[in-house]
Amino acid sequence: MFKTNCRKKRKFLNTSISDILEFEYNIKSNDLLPRFHQNSNDEKGEWSSYLPLEYFDDEQFDCRTPLDWLALGVDDGVRKPVPAFCLLPINDHQHRLDIRDPEIQWKWQLSGVLDYDSCSKLWFVQKVDSNGRILGDYGKSVENEGLLPTGKVPELDTQYWIPRIQVMFLAEDPHIFAKRVATAFKSRQQHESALKYNLYLDCMPNEGIGELSNAVLKRMIFLAKGGAYSIKSGKRLDSILQNLEKEVTFEYWRSMNDIILRQLIERQKMQYCFIQLPEVKRRKIPWKGTLDIPQYDFDNIFQSFSSKSMLTKPEAIMAICKCEYECLEVRSKSLFHVSLSKYMRIEEFEQTQSMVISQVSIFLKVSIIEL
116 MFKTNCRKKR KFLNTSISDI LEFEYNIKSN DLLPRFHQNS NDEKGEWSSY LPLEYFDDEQ
176 FDCRTPLDWL ALGVDDGVRK PVPAFCLLPI NDHQHRLDIR DPEIQWKWQL SGVLDYDSCS
236 KLWFVQKVDS NGRILGDYGK SVENEGLLPT GKVPELDTQY WIPRIQVMFL AEDPHIFAKR
296 VATAFKSRQQ HESALKYNLY LDCMPNEGIG ELSNAVLKRM IFLAKGGAYS IKSGKRLDSI
356 LQNLEKEVTF EYWRSMNDII LRQLIERQKM QYCFIQLPEV KRRKIPWKGT LDIPQYDFDN
416 IFQSFSSKSM LTKPEAIMAI CKCEYECLEV RSKSLFHVSL SKYMRIEEFE QTQSMVISQV
476 SIFLKVSIIE L
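For any residue, its number in my numbering is found by taking its place in the sequence shown, counting from 1, and adding 115.
Derived by calculation from the structure, the hints in this document are not laboratory data. Remember, predicted model here, so these are calculated numbers, not experimental data. Among the hints, erroneous ones may be present.
[Unchecked claim] Dumping the calculated DSS-like pairs for lysine-lysine here, alpha-carbon to alpha-carbon at most 25 Å:
| id | residue 1 | residue 2 |
| --- | --- | --- |
| 1 | Lys361 | Lys333 |
| 2 | Lys311 | Lys301 |
| 3 | Lys143 | Lys195 |
| 4 | Lys301 | Lys222 |
| 5 | Lys403 | Lys423 |
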């Protein structure tokens, strides 16, 4: 294990992050940071990036938490700088300039990580001197975030607060970190191209495109209202519907301009080579019109159910049928004698009614029980 770690350490130290980015991903160090536009009348549209790279950083590439990285520098209770290569300005006397200023030249330089701010997610780093050491104001080695006896942090020109995408620890694989930077760089290019493309759509004229028919708008409004009474009788409903119609019409114009611009770029690719079309996400079409149902062992489950239930036995089914028949027989009985074929005296009717009640009572108490 020790030999393996030593080999990895030597391999990581002999690998340059700037060379990997430049030769494998065609990314230069100065292209990673956003820049001000030097020429606003660029006919080719070759604009530099204007969004910070850390916005597109994928933290899933990180193999340790910030506290774990800082813990690598703890020795006998003293926190020392964690060695890392950081993307920092070559000239340390340009702190007053904006990081997007074209005068600033950036380079991956050996540094030490001193601290981490969880609120801003920035790392506090300091460059090494000509002797490869990290020293404070009084020529002493920096320990415990470089705090002075007064509890304050000295403000040195070689110290910077930078995001994680500009910090490559010596203990991590340079190839994985280069892939992390390249992924963020590509994602930034895609988002910037999409923003510019949508700006082109917003600037295109809407005259001559046409509008949605009233029947389509009425259908949309009907579906939007639904059957809710509160929506149909709500206050300020008319103004809301007018704003909804304007928004739908605007989106319709925008969709038509999108189709027109895509067709124009396809016909004149050389003239509009600076426009990168956003990828249209198409819905995956199923190869069949039915839903996939997970496999279900019906035979075994039915057999298991049958072994635990009496309702599958012929004897039980026959008994249930007979019970149902007897229940229907009882249901057909009546306590009242209503089928009179001829008129009779009241005494005769009372006698007949008493006989019917007696027969039904005997059937319910004796006959049906004996069955």
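Structure-based check of all given hints:
{"no.": "1", "hint": "Lys361 / Lys333", "verdict": "holds (13 Å)"}
{"no.": "2", "hint": "Lys311 / Lys301", "verdict": "holds (15 Å)"}
{"no.": "3", "hint": "Lys143 / Lys195", "verdict": "violated (31 Å)"}
{"no.": "4", "hint": "Lys301 / Lys222", "verdict": "holds (20 Å)"}
{"no.": "5", "hint": "Lys403 / Lys423", "verdict": "violated (38 Å)"}
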